[in-house]
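Residue numbers (the working numbering), protein chains in the order written: chain A, 1 to 337; chain B, 1001 to 1330; chain C, 2001 to 2586.
Quick caveat, the hints were computed from the structure, so don't treat them as lab data.
With a straight-line Cα cutoff of 20 Å, these simulated SDA-like cross-link-like pairs (lysine to any residue) come out:
(1) K2131(C) with S2198(C)
(2) K2145(C) with E2172(C)
(3) K2535(C) with E2516(C)
(4) K2448(C) with L1075(B)
(5) K2252(C) with W200(A)
(6) K2472(C) with V30(A)
(7) K2232(C) with D2138(C)
(8) K2232(C) with D86(A)
(9) K2399(C) with E2439(C)
(10) K2313(C) with D1083(B)
(11) K2058(C) with P2268(C)
(12) K252(A) with L326(A)
(13) K2236(C) with D2138(C)
(14) K2448(C) with N1189(B)
(15) K2399(C) with H1078(B)
(16) K2448(C) with L1191(B)
(17) K2472(C) with V29(A)
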Amino acid sequence: MLTYIIRRLIGAFAMLVVISMVTFGIFYVVPQWAGATPEAMASRYVGRAATPETVHLVAERLGFYDPVVVQYGNFVKGLFAGAQYDYGAGVEHCPAPCFGYSFITGQPVWPDLLDRLPVTFSLAIGAALIWVVAGVAVGVLSALRRGSFFDRLTMGTALAGVSLPIFFTGMISLVVFSYGLGWTPPGGAWTDFSENPAEWAYNLLLPWITLAFLFAATYARLTRAGMLETMGEDYIRTARAKGLRERQVVVKHGLRATLTPILTLFGIDFGLLIGGAILTETTYTLPGLGQYAILAIRTQDMPQVMGVVLVAAMFVVIASLVVDLLYAVVDPRVRLS
Amino acid sequence: MTAPLDVSGSAAEAHPESVLAGAGKAIQGRSLTRIAWMRLRRDKVALAGGGVVVLLILVAIFSSPIIAAFGHPPLEFHQDQIDPATLLPKGTFGGMGGEYLLGVEPVNGRDIFSRIVAGAWISLLIGFLATVVSVIIGTVLGVIAGYFGGWVDQVIGRIMDVFLAFPLLVFAIALAGVIPDQGFGLEGNGLRIAMLIFIIGFFSWPSIGRIVRGQTLSLREREFVDAAKSLGARNGYIIFREVLPNLVAPILVYATLLIPTNILFEASLSFLGVGINPPTPTWGGMLSEAVRFYTLPHFVIFPGLAIFITVLAFNLFGDGLRDAFDPRAH
Amino acid sequence: MRRKHALAGAATAVLALVLSACGGGGGTAQPAASASGGGAQAAFNAAVTGVFNPSTKKGGTLKAAHSADWDSLDPGDTYYGYSFNFGRFYWRTLTMYKPGPGPEGNTVVPDLAESLGEPSEDGKTWTYKLKSGLKFEDGTPITAKDVAYAVARSFDKETFPHGPSYLNELLEWPEDFKGVYKTPDVDFSSAVEATDDSTLVFHLKKPFASMDYVVQMPMTAPVPKDKDTGAKYREKVISSGPYKFETNEIGKRFTLVRNDQWDPTTDPNRPALPDRIEVQLNVNADDLDNQLIAGDIQLDIPGTGMQPAALGKVLPDPALKARTDNPTIPRLWYVSVIPDTPPLDNVNCRKAIMWAADRVANQTAYGGEVAGGEIATNVMPPGIVGQEKFDQYPSADNKGDVAKAKEALTACGQPNGFSTTMAFRADRPREKALAEAMEQALARVGIKLTLKGFPASSYFSDYAGNVDYVKKNGIGLAGHGWGSDWPDGYGFMQAIVDSRTIRDAGNYNLSVKNPEVDKLIDQASAELDETARAKLWVEVDKKVMEDASILPVVWAKSLLMRGQGVTNVAYNEGQSMYDYAMLGVE
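Please model the complete structure; the sequences and the hints are all you need to start from.
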């Protein structure tokens, strides 16, 4: 078990290295292929009508004259050993993990990420709660009443749910419930849980439901298919023959086997969601990591892009690791080796 | 199964063992195709989905005569339809009526009906061709991983993991933002479409790759492969003559289900402003403009509905197809 | 970026008077030029003609919001009009634009200084005397040293890349001076010096007449040396104005509260009415408009006008429209026609584009006659000193002249038209709409336009303003916009028409590469007579239009909404938006 975890951790680490290199390549190397000089890159980060000297100084300060390998090396060094940041009047130590300082605002990236994480996390956790409960419940009921009106209605809705782009449902829901009826707050409303839990939930209600609608559809369909399969297995028949009550059969035997693939899916979905609910956050202008990522890309703020991508990837990796470990708990047949 | 859009790559397809276990065992030569076809014919919902898909393809192919008959050229401005102060359509319901079936766009008064018809072409083209790219990469790598196993499998497996851990949308946006103007003998929007197809296809292959790998893994252990091996057949022969033909059905099913995901992917990129360059109409691009005019329901709803109907039709058809090939889920 | 002038203001004011007279409601419209005019009667353009809802009542909280992030709150590192305007709540500079409505808003009045600057005979030395009783928020007195230090620290463009470089270029800096942080021991008194606690002297490289305009910029806002933290100073700016920072969360929000060390008797320009000012950053622009309409937010900080969705709501509704103002601002939106890209190297092909463009469609793309602006027929916007309106490419109804365009094409040797690429900023919906309108209009004469969108953040550095990129990719047209730092020809034109400013990357002059234009610019700069100088700038304008390297689109207007419950609202020409420092709440 321990060696398995260590091996997986090493694998996860290698993956993050690859991802960081690719990201770095896209933002630092590709523009150079397109012909961008260090000065051209630096002139994105200066004010209007900056003089060539200003541009040159900024290019130097941001390290654009160094070979890309050196720039990448400095980035990695910052992550593990921290970095020194010269803010003019003095030098500040940026402790590890140092993702550097924004090229535009001069603010350290890491605190920014930590700051936005709760927003995305709140969005993901609330939506996840709704979609798992609703999705699995609907899936089980549909499977048990296969072919009924309920089954057809919910499965039809589910199929419609997965076919709707969230930027469309999000916009419509905002126009109707927020701008129109005034039931929900407008986009961009955000209150920290610790400040006011009720308002926190109220502000997130619409994004939660919209997001959960999409995912619940997938989960309902998967649960239904899984239940149909397991309920036909011999051991279910045996359980029934033993005289167990139907509820027990469904929950203890049927659902348990069905949950394994659901768990896998959930782990990955949740990880990806934390990594960047870009469209949801853009539609509702929630100040989370997804919105941060889009702003960073739009303004080509490279340290911010690197930071958000790595944090996002880290969550996916952690989520899949946790899922694999949970597997062993849910399904005793799985051996970790 | 289409993944919810926010995850861009389909997580559902990443672990499709539950549905796949059946499909593999069910493959029994040609008769299966016939059985599947019989099942599919009985599935009215899937047929309806398939019918809509065919209709959409026809609309895309014959977009020019359709627009000529029912609308105005999709790029043509009709500023006489626009209130010069607010820039909104003068007519009620966004100018909807016999002249402009679905109304006109604000600012320039372009015919929304024509733009939606013209947009079908881009959506379907990118959806299809990106899927082809995914299928090619996914099949090649999946077969290699599944058939040869060992370290090859390990390496390809890791690559797939990396792709699944990528915040794909972030990368796609970043890449789409730096597409050059000319290259590979193409220029302008031609190159852009090609690059989008490549980017979307390139990021979606692991879903197909996993399925193909799993299928190949199980096929490798089957009697007819053993038989071919013992007769001294070479790997190439076995792969092309024994393994691949048995993969056609699952690939077809999952390719059908990948198309709508890719259509949504394209729409998201256009929505975020990194898709096809204007003035070429795309559904995602129309929606992204509609955000600024959210008070105009017709401007928001029609492109949204177009995406919805297309994706739903593919999903219904793909679902039916899978059920047809997989008796256990049926 | 900013700055304006008198003519436009007067014209708008007259127009507004007519409108408010027609619009009726028995308004208390006052003569435009009287800053004391105005009233509480809501009417379209009420705050352009006079002070709307005048008040001297103190107290309350002003709620403001910004749809993006501030470039920097540091007075030495900011270059946005809204920032110069808003910053006066917490900083004071040597001079400032005269508060209030009307053309007087273009003039400067003393702020920290007792009077406007005293130039030496040769115009190379400017002396400012500071008032007495000035204090920082911590009670320490503000001396000329603190202003000199602030000017010197803003020299370091590595630490403060965003701010204007005027003083870097104008003053006689020592060779070995690299900024107050890198070379703390170098004496910079050859550029700026405090000869005593209340006397500040600037030493210029060459005579310069408009020093009073330059020192109203926040580089002269005093910074105490012992509190200066370089690039981190933006997090804790020490106030010299009527308000100081209570909280400051960069990128999110900040709050200003009264600075009890500010002495109103030293400051006749700032009424300092609210007790508290709360600012939200990065608010969705559409939500911001909605909240402004509803009254949840009282001030839209960027001051560039409402979003399209809000226009559809506000303009048809008389009650809402009465809360808005529609001033013309000294900004031109245009298309650069780049003469490096064949066949646009031929002036006749460029002229074909001038003739073929549909000005009405372009204006609509830019937001129409209310939110967009007036159709521009030449480069200099109304409001620039001595501006003349002329039209070398007239057409019926401004829809373009297809016949003339075809003639020009024939003269260019391309009778069937040609193909070229137009660059635009993809994240600017209006510029995208403009590109689409150009594509349609040029297609009428066989000019095929391929449109290509780029991110605004690297538009000038990597694409349209990058000489190499433009040449390699055959960019023929590029969407562009420019506002002036000065209300004169030099302040508006020089940066976008002088070919000698062109470098490898980061250019703002994309297309005007004409030695005759350069010669005229030199002539104008050397001309000491104001009227003659203005005439020469009109000559420059005419030459550029003949050269057909700029296709003007609109002289911008913005639709501003007065917040609910806000008092003392006036559009200030110097700021090109409401005068923020005057505002109060009911």
